[in-house]
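Asker: Chains G and Z, in that order, are what the protein sequence lines are.
Residue numbers for the first sequence follow this note's numbering, so the first one is 1 and each next one is one higher.
Residue numbers for the second sequence follow this note's numbering, so the first one is 1 and each next one is one higher.
One should not assume that every hint holds.
Copies of the same chain look alike in the list, so a pair counts if it fits in one copy or across any two.
What the hints assert, rightly or not - Capping the alpha-carbon separation at 20 angstroms, the derived lysine to any residue pairs in SDA-like fashion look like this:
#, residue 1, residue 2
1, 238, 281
2, 147, 297
3, 266, 126
4, 147, 285
To be clear, the hints were calculated from the coordinates, so they are not data collected in a lab.
There are 2 protein chains.
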Amino acid sequence: MRQHLLEMLMNNEGEFVSGQQISDKLNCSRTAIWKHIEELRKEGYVIEAVPRKGYRIQSAPDRVTAAEINARLKTEVLGKTIVYEESVKSTQEIAQRLSQSGANEGTLVVADEQTGGRGRLGRQWQSPKGTGVWMSLILRPDIPLQKAPQLTLLAAVGITKAISKVTGLRPEIKWPNDILVNGKKAVGILTELQAESDRVHAVIIGPGINVNVGRDDFNDELKDIATSLKIESGKEIKRADLISAILKEMEELYHDYLNNGFALVKLLWESYANSIGRRIRVRTLNQQIEGIAKGITDDGILLLEDDEGNIHPIYSADIEIPGT
Amino acid sequence: MRQHLLEMLMNNEGEFVSGQQISDKLNCSRTAIWKHIEELRKEGYVIEAVPRKGYRIQSAPDRVTAAEINARLKTEVLGKTIVYEESVKSTQEIAQRLSQSGANEGTLVVADEQTGGRGRLGRQWQSPKGTGVWMSLILRPDIPLQKAPQLTLLAAVGITKAISKVTGLRPEIKWPNDILVNGKKAVGILTELQAESDRVHAVIIGPGINVNVGRDDFNDELKDIATSLKIESGKEIKRADLISAILKEMEELYHDYLNNGFALVKLLWESYANSIGRRIRVRTLNQQIEGIAKGITDDGILLLEDDEGNIHPIYSADIEIPGT
Chain G
1 MRQHLLEMLM NNEGEFVSGQ QISDKLNCSR TAIWKHIEEL RKEGYVIEAV PRKGYRIQSA
61 PDRVTAAEIN ARLKTEVLGK TIVYEESVKS TQEIAQRLSQ SGANEGTLVV ADEQTGGRGR
121 LGRQWQSPKG TGVWMSLILR PDIPLQKAPQ LTLLAAVGIT KAISKVTGLR PEIKWPNDIL
181 VNGKKAVGIL TELQAESDRV HAVIIGPGIN VNVGRDDFND ELKDIATSLK IESGKEIKRA
241 DLISAILKEM EELYHDYLNN GFALVKLLWE SYANSIGRRI RVRTLNQQIE GIAKGITDDG
301 ILLLEDDEGN IHPIYSADIE IPGT
Chain Z
1 MRQHLLEMLM NNEGEFVSGQ QISDKLNCSR TAIWKHIEEL RKEGYVIEAV PRKGYRIQSA
61 PDRVTAAEIN ARLKTEVLGK TIVYEESVKS TQEIAQRLSQ SGANEGTLVV ADEQTGGRGR
121 LGRQWQSPKG TGVWMSLILR PDIPLQKAPQ LTLLAAVGIT KAISKVTGLR PEIKWPNDIL
181 VNGKKAVGIL TELQAESDRV HAVIIGPGIN VNVGRDDFND ELKDIATSLK IESGKEIKRA
241 DLISAILKEM EELYHDYLNN GFALVKLLWE SYANSIGRRI RVRTLNQQIE GIAKGITDDG
301 ILLLEDDEGN IHPIYSADIE IPGT
């Protein structure tokens, strides 16, 4: 009930909604409405109440609850089921479990805080309370295993586009799945897979986005290499706006991907990538190579041309751009 | 203690082991030994006891307990941890859970019966009590995701070689992961994956092998297409012998694979495959194509040449050989 009330007010942002309208639509008494309005105010919503005009939302707190995201959602599938938790160890772990017990495609797990957030290759990911987008999205594409890494690239493109639209910033993608703003990391994406050898059961896409993290909130190790959207844009961003924009961009790309294949994502990815055509240093578990990043293959593998002109397919590595 | 006693007797099959030897090695009394011998007899072991000579094992029941497999194990890594259950829903499910909580590479889950055995593509797999090898093996190779299907082919080759050695039969592999004996299916392999988009956490290989299933034990649907090693070879096979042989063959192939890549497995796979160079019919979710199976790629993808000379990469499908 409170969620529906909130959605009505949000969908009419700037306009008054009369008590009568609300009462008719939600089938409840004016007194009940008043009580819910009071509750919303306690949660941080600033709501104007004017006799004979009704209610108008003036500002909403920066929350990532299902109600807040739902009120902004413009998608058909992605985010249609939202599981919100205030504090979890890792949204990825929850999504893994939900996926194994058959959760629908598009199910989204969001948390205000992660106490044991994970990044790529078993690394930690700092996820302090109230300042970032810590989420995991379940997709169930009917694709062969070999093509699954394409969805990491799709996610990177979708998030880059959404950040660009919501903040005006111009993020770049660093292969395979970091998003940088002004050369520093603002987003990491952990993509995990549940699969048979010839069928993907689920791809679980887990971006961690530093949204309103302050410069002093990063520890010494991260200070020089990490940033947030607030630091770079100079303004606070409503996380629910960003999440809704990400789901919208990803849904459009995903729809095109399922119908027409990887071509569009590949094109967009290369246009956002900071490495293509540039000299990079690649560090894998066993070796270090320098050369020119030539592009990515249809399977999402990075192609590196070394100084002898040999092409190396790079499946998994950390890359650096020397001199930056 | 009983397991060690059993291993001593098994390792000296055909020879007497004196009570004194056992007592010294296992550091226990002659009376304790006698009690354990009695227990083993109750489990179905036939053990000869001759005064002043000692104990000799004459025949062992067809069991797949950790002790029975351990006593025959000739591997370094595969099967070094064995989880045996009399009856489970699915060994694959147990292995998935163990893998997620960090089980070592080589961990093997075996059951005497599965009540909800699963095959490829969500299909059921009949796993009646005491007649088959229902097992799941956890591998943790450091390979990119795209190469994971190679391990299904590796498993198929290892199992084919082991069946051949233990039974004298000449099985054939039907792409991607069925093993046929005299044209009927005796083995299916479900391979599942836990992975990031650029790192494999675990490959869980789950063969289901019809070993001592009788002809009348198959239901009407399976009767014409399925068979067992006993039906085809005319003799009962000790399942623990087969499991031990499979682990041995797979370990050798896996070791070579990690050191030298896919070449040997590919060569052997093609030598055992029933389809290469032959006309086949391929049914995928969306289409049906006929043509000549040309071989497999380095990623384990089947290449089909249609009548117009076009090459189709087949990632996931069911194949038939028309006229067989």
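Asker: Look at each hint and say if it fits the structure.
Answerer: Going down the list of hints, with the structure as the test:
1. With identical chains, the CA atoms of residue 238 and residue 281 are never at most 20 angstroms apart, being 36 angstroms at best within one copy and 55 angstroms at best between copies.
2. For the homomeric pair residue 147 and residue 297, the shortest alpha-carbon distances inside one copy (11 angstroms) and between copies (15 angstroms) are both at most 20 angstroms.
3. In this assembly of identical chains, the alpha carbons of residue 266 and residue 126 never lie at most 20 angstroms apart, being 30 angstroms within a copy and 43 angstroms across copies at closest.
4. When the C-alpha separation of residue 147 and residue 285 is checked against a cutoff of 20 angstroms, the pair qualifies only between copies, where the shortest distance is 17 angstroms, while the shortest distance within a copy is 23 angstroms.
This entry does not satisfy hints 1, 3, going by the numbered hints stated previously.
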